[in-house]
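Visitor: Sequence:
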Amino acid sequence: MRYHRVRIHTVDDPQYRAYIAKIMASKANHKATRPASNRSLFGGEAEQIVRQWLAQFHPLSERRYVEYDERMGKQLQRKYRELDAVYEYDAQHYHVFEVKATSQVRSIGRGLRQLSETHSILRTVVPHVARTLILIDTGIISDEEVVALMQSDDAPFHAPATIRSFFVENNHIPLADSVDYQPDRQVAVSVVRFPLADICALAEAQGIELHLDWSDEDEDPEEVETPAPTTYTSHDASDTSDDDNPFAAALRRAMDQ
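Note that numbering that gives the first Met the number 0 has the sequence shown beginning at 0, numbered continuously upward.
Since the hints were made in silico from the structure, they are not lab data.
Certain hints may be false.
To be verified - Here are the simulated distance ranges between beta carbons: (1) Arg62 <-> Leu148: 42 to 50 Å; (2) His57 <-> Glu168: 26 to 34 Å; (3) Thr9 <-> Gln185: 22 to 30 Å; (4) Thr9 <-> Gln51: 13 to 21 Å; (5) His57 <-> Ser119: 20 to 28 Å; (6) Ser141 <-> Arg184: 30 to 38 Å; (7) Arg4 <-> Glu61: 18 to 26 Å; (8) Leu75 <-> Ala196: 42 to 50 Å.
Fair warning: this is a prediction, and the values are worked out from it, not measured in the lab.
We treat Cβ as the ideally placed atom computed from N, Cα and C, and that holds for glycine.
Please build the complete structure, drawing on both the sequences and the hints.
Guide: Now the structure itself:
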């Protein structure tokens, strides 16, 4: 078995708080940290908005932090994982949500893999775990834009993937628009698409000011945020494209709570 001693807890758990404080106090962690980018801040704001939106369907659980030991060769390594949102129907049935704001189709697959790993961890203590990816579309290329691009003088050799083409290839996964979504714990895996305009409308209704100016964030591509140690796994460590580095963002949010 890969995962052992799984424990689900709140952000106030003493062992979790001590662990985060130790990371934040370490000299290595502070040495190369830069301020959060607007895109990273937007990601946290979007999670907050989605959690409030999800709460209209079912009360959200405060127990959305997971402590577990992962077998690494012959040793066990203690790790923690932050879940974006959780419905805790009963001890046997959970529904976990991953929120991903992105302009790239490949992030859909990444988010689904994160949910799959979360499922593998939780099922050692919760027999039934439904998983839903909340996809906030911040500019994924549309089918119409692909057609225009492929007819242009600068057409690439291969057409870029779109949301439609992704789900043609993965037609076993249901895709719903946010306006039509109803949580269903009987559906093992699903994706919900949120247009950016809908997130902005919800933000206005909830009185949340969004960080939407991402225009200058790629000016220095050589500068990257130092990832947190591998023992904090709120998201995929390789997810440093247009989603910013989520490890440092997760640690900042943990210390702010």
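Visitor: Give a verdict on every hint.
Guide: Outcome of the hint check:
no., hint, in the structure
1, Arg62 <-> Leu148: 42 to 50 Å, "45 Å, holds"
2, His57 <-> Glu168: 26 to 34 Å, "31 Å, holds"
3, Thr9 <-> Gln185: 22 to 30 Å, "27 Å, holds"
4, Thr9 <-> Gln51: 13 to 21 Å, "18 Å, holds"
5, His57 <-> Ser119: 20 to 28 Å, "24 Å, holds"
6, Ser141 <-> Arg184: 30 to 38 Å, "32 Å, holds"
7, Arg4 <-> Glu61: 18 to 26 Å, "21 Å, holds"
8, Leu75 <-> Ala196: 42 to 50 Å, "46 Å, holds"
In summary, this structure violates none of the numbered hints.
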